[in-house]
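Number of protein chains: 2
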Amino acid sequence: MHFCKPEIAIIDTLYIMEKKRVYTFGNGKAEGRADMKNLLGGKGANLAEMNLIGVPVPPGFTITTEVCSEYYELGKDKVVELLQDEVKKAIVNVEHLMNSQFGDIANPLLVSVRSGARASMPGMMDTILNLGLNDEVVEGLTRKTNNPRFAWDSYRRFVQMYGDVVLGMKPTNKEDIDPFEEIIEEVKAAKGVKLDNELEVEDLKQLVAQFKAAVKERTGKDFPTNAYEQLWGAICAVFDSWMNERAILYRKMEGIPAEWGTAVSVQAMVFGNMGNTSATGVCFSRDAGSGEDVFNGEYLINAQGEDVVAGIRTPQQITKAGSKIWAERATISEEERVAKYPSMEEAMPEIYKELDAIQTKLENHYHDMQDMEFTVQEGKLWFLQTRNGKRTGAAMVKIAVDLLKQGMIDEKTALNRIEPNKLDELLHPVFDKAALKKAKVLVKGLPASPGAATGQIVFFADDAAAWYKAGKKVVLVRIETSPEDLAGMAAAEGILTARGGMTSHAAVVARGMGKCCISGAGALIIDYKKKTMEVDGKVFKEGDYISINGTTGQVFEGQIPTQDPELTGDFNELMKLADKYTKMSVRTNADTPGDAQQARAFGAVGIGLCRTEHMFFEGEKIKAMREMILAEDTDARQKALGKLLPFQQADFEGIFRAMAGYPVTVRLLDPPLHEFVPHDPKGQQELADAMGVDVSVVAQRVDALHESNPMLGHRGCRLGNTYPEITEMQTRAILGAALQLKKEGVTTYPEIMVPLTGILHEFLEQEKIIRTTASQLFKETNDSIEYKVGTMIEIPRAALTANRIASAAEFFSFGTNDLTQMTFGYSRDDIASFLPIYLEKKILKFDPFLVLDQNGVGQLVRMATEKGRTIRPDLKCGICGEHGGEPSSVKFCHRVGLNYVSCSPFRVPIARVAAAQAAIEE
Amino acid sequence: MHFCKPEIAIIDTLYIMEKKRVYTFGNGKAEGRADMKNLLGGKGANLAEMNLIGVPVPPGFTITTEVCSEYYELGKDKVVELLQDEVKKAIVNVEHLMNSQFGDIANPLLVSVRSGARASMPGMMDTILNLGLNDEVVEGLTRKTNNPRFAWDSYRRFVQMYGDVVLGMKPTNKEDIDPFEEIIEEVKAAKGVKLDNELEVEDLKQLVAQFKAAVKERTGKDFPTNAYEQLWGAICAVFDSWMNERAILYRKMEGIPAEWGTAVSVQAMVFGNMGNTSATGVCFSRDAGSGEDVFNGEYLINAQGEDVVAGIRTPQQITKAGSKIWAERATISEEERVAKYPSMEEAMPEIYKELDAIQTKLENHYHDMQDMEFTVQEGKLWFLQTRNGKRTGAAMVKIAVDLLKQGMIDEKTALNRIEPNKLDELLHPVFDKAALKKAKVLVKGLPASPGAATGQIVFFADDAAAWYKAGKKVVLVRIETSPEDLAGMAAAEGILTARGGMTSHAAVVARGMGKCCISGAGALIIDYKKKTMEVDGKVFKEGDYISINGTTGQVFEGQIPTQDPELTGDFNELMKLADKYTKMSVRTNADTPGDAQQARAFGAVGIGLCRTEHMFFEGEKIKAMREMILAEDTDARQKALGKLLPFQQADFEGIFRAMAGYPVTVRLLDPPLHEFVPHDPKGQQELADAMGVDVSVVAQRVDALHESNPMLGHRGCRLGNTYPEITEMQTRAILGAALQLKKEGVTTYPEIMVPLTGILHEFLEQEKIIRTTASQLFKETNDSIEYKVGTMIEIPRAALTANRIASAAEFFSFGTNDLTQMTFGYSRDDIASFLPIYLEKKILKFDPFLVLDQNGVGQLVRMATEKGRTIRPDLKCGICGEHGGEPSSVKFCHRVGLNYVSCSPFRVPIARVAAAQAAIEE
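Top line first, the protein sequences correspond to chains A and B. Following my numbering, the numbering of the first sequence begins with 44 at its first residue and continues without gaps. Following my numbering, the numbering of the second sequence begins with 44 at its first residue and continues without gaps.
Any given hint might turn out to be false.
Given that identical chains are not distinguished, each listed pair holds provided it fits within a single copy or across any two copies.
What the hints assert, rightly or not - No farther apart than 27 Å at their CA atoms in a straight line, the calculated lysine-lysine pairs in the DSS-like style are these:
| hint | residue 1 | residue 2 |
| --- | --- | --- |
| 1 | K259 | K574 |
| 2 | K686 | K131 |
| 3 | K682 | K623 |
| 4 | K811 | K884 |
| 5 | K682 | K664 |
| 6 | K831 | K885 |
| 7 | K295 | K831 |
| 8 | K572 | K515 |
| 9 | K725 | K363 |
| 10 | K213 | K822 |
| 11 | K295 | K187 |
| 12 | K433 | K367 |
| 13 | K822 | K396 |
| 14 | K213 | K811 |
| 15 | K423 | K119 |
| 16 | K131 | K455 |
| 17 | K884 | K831 |
| 18 | K623 | K259 |
| 19 | K682 | K884 |
| 20 | K811 | K885 |
| 21 | K483 | K433 |
Read the hints as simulated data drawn from the structure, not as lab findings.
With the rest of the complex left out, here is chain A (with noise of 0.2 Å):
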C-alpha cells in the first residue's frame, strides 16, 4: 500500500512536533516522578522526586531518554530545533527559582549537565559542570564569592572539561597525554611547583588563555562564549557518549540495550561560598559508627563541598549536642567552642531547623539513615544529594533493628538492610581505635582472614607452638605455610605470608579457623636463615612485635592493643529473624572439633566438609601416613594404615560429638600424596631412619610422586581406587567413631563423601569398598548404624553426567573450588601472575575463588542439581566450597535449590543471613 506512506511520514511528523522532550523541576513543583526512569533516566527521575516530596534541590529539567533515540535517528541538528523551545522554557524557568541569569555577567546562573540511563553506568558517561562561564561571567562570579582564586579555577576546570568532552581534546588512545594536563605540568615546571593548588590566580588565568589558544589550534574554532553554545554543545556531548566506546563495550558486557539511550539533566550549580550567609555540609540522619538514632553531621560557612573533607579548616558540628561532645573529646573549652565552633544549631538556627525537618522527611520517606549533602547559598538551603548512609557493620545491624522496632520498616526489610560480609566486623577481635590512630602501617598485603592481631615475630610453626606454650602471644611469618604448619597457625594470635592469594594455604586454614591473616605481603623480604623480616630496609627479628589487620591487609610496627568482638542482643534478634525465613540450612567446614563446637555456637546445622588430611600432620600421625605412602606393597600400606586407624577413629570420636544430633560430611583422603612426605633431606633421612631404609629410597620415593601438574593429577577418589585399603581404613575408622558414640548414647549422621568423582565408576568402585568395609565392621561389632555414600562435585565432568552419578550417589556436595579451578582452567597457586591484570582491565569482574563464577561454574552446579534429581529426586544437594560462605553465592546456592550451604565456621552468620535474604528475594 504505497500510498500510505506519504500519510504515516505526516503523522510522524505530527507526533514529533507534539511530544514532550523536557521534563521541569524546582520549588517543590517537577513534572516527572520517580516512577518515570525509563523516561528520565534515574538522576532525572530521583531529582523529580526530591522536588515532589518537598526538599529543596536546585532547579533544573531532564532532556527524555527518547530525546537521544531521535538524535540518533534524526541527527543532531533536527534534534536541537526540536528541543530549542521547551529548553529555553526551562531556563527561564530556572533563572526565575535561582534569581539569576543565564550567560549574565552580573548575576550568573551556572549549570551543570550529567548524563542519566535507565540501568546505572557509573562512569562511562561524561559530566560537565559550571557551565556558563566565559572570561566576563568569570568576574562576575569573582565577585558575588569574592573569591578570585575559586572563580579562575572553576573556569579553567570548565574549560578543561569542556574541551576534553564537548570539543574532543580527550585522547581516545589511554595512553597518550590530555593537551590540558601537558600545558598544566609546564606552567607547575615553568614555577617550579609540584600541586595543582600551588598555582595562584594569575596562573589560572594563564592555564585558561593557554587552554583557549590549545582548543583553537586542535578544533580550528574559538572556545564557545555564549552561554547557550555552551549548553547545546553539551547536550549533544552527552548524547555522543552514549555510543562511545567505553558505553557500548559496558552495556555489551550488562547487557543494556542501545535503544534505551540516556536522559540528559540540567541542573542550576549553586555556591556555598558566596559570603557569610552561604555554608556548605555533609551530614547523617543516624550515627554510621555505633547506629544509634542521633541527627549528625559537619559543616563549614562561606565554604565549598571540598573544604568540609580538605582538612584546611576545622569542619564544625551540626547539631549543638554533637558539638559539645566533640569539643569535649578535643579538649576545647565552652566558651571557645561557641565563639570559634559554634554548631549549625547555634549559627543559622532557621536554616538548621529546616535541615533537621528534611533529614528526618528523607529518612521517613527513604526508610533508612541518610547521608546527605547540602549547601546554603546567601541564606537559602539546598540539598545536593542524599543516600543511604554507609555504615560500620555494628551501625548495620543496630539501624536495621531499630527501623523494625520503630515500625518504618518490615522484617523483610531489615534482613534485607544486612550486608552479609559486614557481619564479619562483629566477630572478630579489632584494634582499639584511638591507639590504631598512632600506629604506623609498615606494609599492605591481601585481607585474606579477617581481625586484628598483635604478637611477637616468630618465623617456624613449631616456634609459634613453642612460644604459645611458654604464654606469648605471636604472629607467624612465612613466606608461604604449607600443611606442616597447621599445628603454628594454630598457636599464633595471626598469620602474615609474603606470597599466596586470598585463596592460599593460609588464607584457606586461617579463614577456616578464624583466624586473622594477611596474605601475600610481596614487599616482605623474609630470611629463614637469619630469622628476619625486611620491608623497606627495616629488618624486624624474631620476637620483634607487629600488629595486623586482616580485614584491611595493613601491617603495622609494633603492639597495638585489640578488643574481643561482642555480640549483641541485636545481632542475636537479627539472626532469629534470618532463621524464620531461611529455607537452606547453613553447616560448616570443620576439620577440628574446636572448630565445630565455634561453627554451632555460631548456628551451624552440621558438617558439610570435614577434610581428613589435616589431622595427619601431627607426631605420630605423620609417621604413620609417610610410612603408607612410602610403602612399597600392599601389604607394608595396610600395617602403615593400621597405625593410622585409631588415630583417626579418635579424631572422628571428637568430631562426632561436637556436632552430636547433626550430620557430619566426611570426606575421603583427597591431596595427592607428596604434600605428605618431606622434600628437604634432613627430613628424608629422619623418614629413612625410622623406616629402617636408605635415604635414597626415600628419596626416590618422594621423586616418583612429583607431579607436573598436582592438581590435576593423582589425588581424590583416584587415590581410593589405586590404593583401596585407605578408603577401608577410613571406612572404618569413620563408622567405627560412630559406632562408639552410639554405645555412649550420642545421636550421629555420618555421611561419607568421595572427593573429585569425574565418572560413575570411580564412584561404584569407592562405593562398593566403602558398603563392604561398613558390613564387615558391623558384623565384627555386632551393631549398626545409617550412613551414607555420596560425592563431591568438583569435576566438570561430574556436573555434565550427574543424572549417572545420582543414579548411585545420595547426596552431591559442590566442591567449587576445584570446580572454579578446573572450570576457569585456573590453578589458585598460579593465578597471581594474571589475575590482578584481569581485574584491573575488568576481564573478570571479580576473583572467582571469592565470588561463584554464576554463569559458568554456577551453570555447571545448576545443571548437575537438577540432572541429578531427575534420576533422584530426593537428593541432597549442597556446597562446601569457600564461596558457601560469601553472600551472593549462597543466594545463588538458595535460586538453585540446595539444600544447605557450608563454609567456615566464622562466615556461619553470614551465610545464615544471606540464606534468609535469598528466601525473601524469591
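Once you've looked at the hints, dock chain B against the given chain A.
Same frame as chain A, but now just chain B:
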C-alpha cells in the same frame, strides 16, 4: 471389576500353555530367522539363518528370551515343566539328525549350551561344552575317537565347567581360588609337571574323580550323571547368569534393559578326530593379507580344532594352488607335498567341493570376506562358525574396492567396510617381513606413532641434527623430549623415550610429523652422561643400531630393512569415494611448510591448527624469545619482539604458500613461558652473557616463572592479555605474511585464533588488539586482506558460555586435548599413575586423550556448538585436538554438526574416511 481376575488367570494359563518356547534348527531347516534376534538372541537367530541358506551347521534348538522372563516370574520348576515337552522333542530331532543318542554310551550325542542375548554381551554369561558326558559315556567317546586322552580331557573340562557354572563352585570373590584349579595344581605338583598338557590319561581320570568328590563335599550332592538332568541344570544356569553381578553391571553400563532376557542355544557337538574320514580346519574366502580374491585355508585330518593352531602337526592347505605355493616357499618337493601334505582339494575332493560351494555362498550372503571354521565328522562336513574375516589394512582396502567393482556391495557399504585406523598401516614404512622374523625384541613401549624405523642411537637432539647432516640415519633415544628437541626429532628416523604416555610431547609431535615413535619404554635405563642405554643388563652405546616399530611398540636390536609405503590405486579410489559422501572437511594440524605439504598430499583442505610456539626454538629465534620473556619492562619486551617479527613472518609465508588457496588457522602463543627458558646453570649463564646481565638475574626471572600447575597457569590468551605486545607482533607477522603473498599472487585465508579463552572479555581484549594492529598494518602498507578472528574452545567455561563468546568470535575450534584435561581434571603428564589401573578396572573404557569422551567432553562440544550458533547461525566450528584423527571422535564431530576436523597429516586419510562413514550413517 474384581470378577475379571479368574478369567485373566485362565487366559494367562492358556497363553502359557500354547506359546512356542523352543525353535529348532538343523539340516537346512529352521523355525527361526535372522530377523528374530529379539526372541532368539543374536546367536540363535544366526544359527537359524545359516540353516536356511543351506550351510550345514550342527543341529540344535534355541529357547527364547521370553522364557528367561518367565523364569524370573514363574520360577525354575514351573519353567522346566513348561519346557519339558518341547525340549525333549527338539533333542530327539537332533539325535535323529546326528544319528546318535543323548546319554547313549555306544553312540553318544554331546551338546553345548550357550547364552545369547539380543545385544552382544561378550564374556558376561557362561557356556558349557561337552554336556552329556559321564563315566560311561566317556568310554564310548574314547572308542569313537580312539583317543582316550581327548575323551578324558573333554570330560574333566566338562566337570569343571559344569561344577563352576551350574553347581556354583566358582568363588564369587575374584581373589579366591577355584577349587578345581586347586586340585589341578595339587595333581601337577604331585606329578612334578608344570603344564596341563603334560598330564596323562590316568592323571585326567584322577582329576575327574577328585573333581566329583569336591562337588559332593561342597554341594552335598553327587555330580549328575543323567544327560537330561545335566541339560536342565545348564539351561537354568544360563538363565541364572542373566542376573549375575557382572551381567547386571554390564547392562547398567550399556543401558541394556533387564527385561530383554537371554535366549539359550543347545547344539550338537561334532568331532574332527574320529578317524581318517574326519578333519578340521579354517578357511578364508579371500586372502586376509593381500586382499586377493582367492579361497584359502588350512586343515588337518583326524584332528581337533586346537591342533590346527597348536603347531604340533603341520597344517595342510585347503586348495591345491595354495598348497603348491606353500610347498615352494617351504622348499618341499612336489612329491613330498603330495605324499605328506596334500591339499584338501586333493585328499578329500568331495568335501572340498562342498566346502568351496559353501564358502562362495557365505561370501555372497554376507557380502564380505569370510573367516570360517569347519569340522568333518566321519565324512560329513559341518560349519562351526563363519564371520567376517580379520584382514590387514591393505587387504581391507583391496577387498572393499574389489567387492564394489564386483557389484557385491554398493559405495556406501564399501566405505563402511573400512576401519579407518587401519589405513595407518598403509601410510608408514614397514619392516621387511622376512628380516623381521629373525629380529630380537629388546623391550616394549607404547606404540606412540606408527611406522618402522632403523638407525644409530643418539641421545641428544643436536647430535641427531649433526649426524643427519653427515648423512647418517639415527634413532633419537631420550628419557623424555621437550620442545627444545624439535629439530633433532625432525632429523631422526624415529624416536624412543623411556617415559611419557601416548600423549606425551614425543608422541604428539611424532604423530604430527608422521614419524615413528615409541614412548614410555620404562625398562630402558638411559644415562645421558655416559651416552648409554641399558636394557636387561645389556648396554647400548651411541652409534649402535636399533630398530623400532611404532605400530606395535617393539624395540629391536640391530638393523632391520624397511619398506616404504606405496599408495595403491585402490587407496586413491577409496579416498575419492570418501570425498563423495563426506560433509565435514578435513584440515590438518601443521606448524611447518613440510607438514602442510604432506597433509595436502593426503587430502587436507586447510590448516586447522598452526601452533606458533614450535617456531621459536631454532637458533636466533630462541635467543630473542628468551630476551622477550626475561625483559624487565614493555620497552625491552617490544625490542626483543621486534627481532622475532621477521622470523615469524617468514615462517608464516612458508606455511601460507604450502596451503595456498586454503584457510590457515594460526593460534597465538599458548604455552607457559617457562617452557622457553633454560633451566640449567650453563644455559642460564649463556643467556645472561648474551643479555649482558648477571646470571643471578636470569636465574631469578626463570625461578619467578615457575608454577605449581603450569597447565592451569599463565598461558594462552592470559599471555596476550598481560603482554599485549606479543599479540601485536604475532598479528603483524601473520597478516604481514598474507600481504606479502598477496603481492606474489598467492591466495590466503588467514584465521587468527585466540587460545584458552574462558571469558568473553578475554577474547574481546585480544580481538581489539588484533583488529587495531591489522588496521595500522593495512594503513602502513596501503593494502589489506580479509581475515577472521576466532577462538579455541578448550576451557569448560568457554563451552558453557559459548553464546557470549560467539557474539564476538567468528569461529570456534575445539581444543579437545585441554578440554579433556580440564573436564576430567586430568593432567596428561601425570595420568600414568592411575590411568592403567583405571583402564584395567574398567573405570574408564578408554584413554580419554585418545578417544573423545562423548558423554562428558563431547557434551561440552555439542553444547558450545549449539549455543554458539544460536547467536551466530553460520559459526564455523572445528576440532583441532588429537581426537580430530580418531574415527569414533570424528563421527561424533559430524553428528554434532562441526564444519571440519583437523588432525596430524598422517591421520588425514583416516579422518576423511571416518567423516564419510559418519555422513553415511546419518
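(request) Measure nothing new, just compare the shortest in-copy and cross-copy C-alpha distances for K213 and K811 to 27 Å and report within, between, both or neither. (result) Cα proximity of K213 and K811: across copies only (20 Å, versus 69 Å in one copy).
(message) Reference check for the pair K433 and K367, CA-CA at most 27 Å: within, between, both, or neither?
(response) within (24 Å within a copy, 102 Å between copies)
(request) Give the relationship of K623 and K259 under a CA distance limit of 27 Å: within one copy only, between copies only, both, or neither. (result) For K623 and K259, neither the intra-copy (67 Å) nor the inter-copy (69 Å) Cα distance is at most 27 Å.
(request) With 27 Å as the alpha-carbon cut-off, assign the pair K725 and K363 to within, between, both or neither. (result) neither (71 Å within a copy, 77 Å between copies)
(request) Have a look at K682 and K884 and pick one of within, between, both or neither, based on CA distance no larger than 27 Å. (result) For K682 and K884, only the inter-copy Cα distance (24 Å) is at most 27 Å; the intra-copy one is 55 Å.
(message) Within a copy, between copies, both or neither: which one fits K572 and K515 at a CA-CA cutoff of 27 Å?
(response) For K572 and K515, only the intra-copy Cα distance (22 Å) is at most 27 Å; the inter-copy one is 54 Å.
(request) Classify it for me, K131 with K455: is the Cα-Cα distance of at most 27 Å met within a copy, between copies, both or neither? (result) neither (46 Å within a copy, 80 Å between copies)
(message) Cα distance capped at 27 Å. Does K686 pair with K131 within a copy, between copies, both, or neither?
(response) neither (90 Å within a copy, 62 Å between copies)
(request) Indicate which option fits the pair K884, K831 if close means a Cα-Cα distance not exceeding 27 Å: within, between, both or neither. (result) Cα proximity of K884 and K831: across copies only (24 Å, versus 46 Å in one copy).
(message) Within a copy, between copies, both or neither: which one fits K213 and K822 at a CA-CA cutoff of 27 Å?
(response) Classified as between: cross-chain Cα gap 23 Å, same-chain 81 Å, threshold 27 Å.
(request) Please work out whether the CA atoms of K822 and K396 approach to 27 Å or closer within one copy, between two copies, in both situations, or in neither? (result) Neither, since 83 Å and 67 Å both go past 27 Å.
(message) Within a copy, between copies, both or neither: which one fits K682 and K623 at a CA-CA cutoff of 27 Å?
(response) Neither: 51 Å inside a copy, 65 Å across copies.
In summary, the numbered hints that this structure violates are 1, 2, 3, 9, 11, 13, 15, 16, 18.
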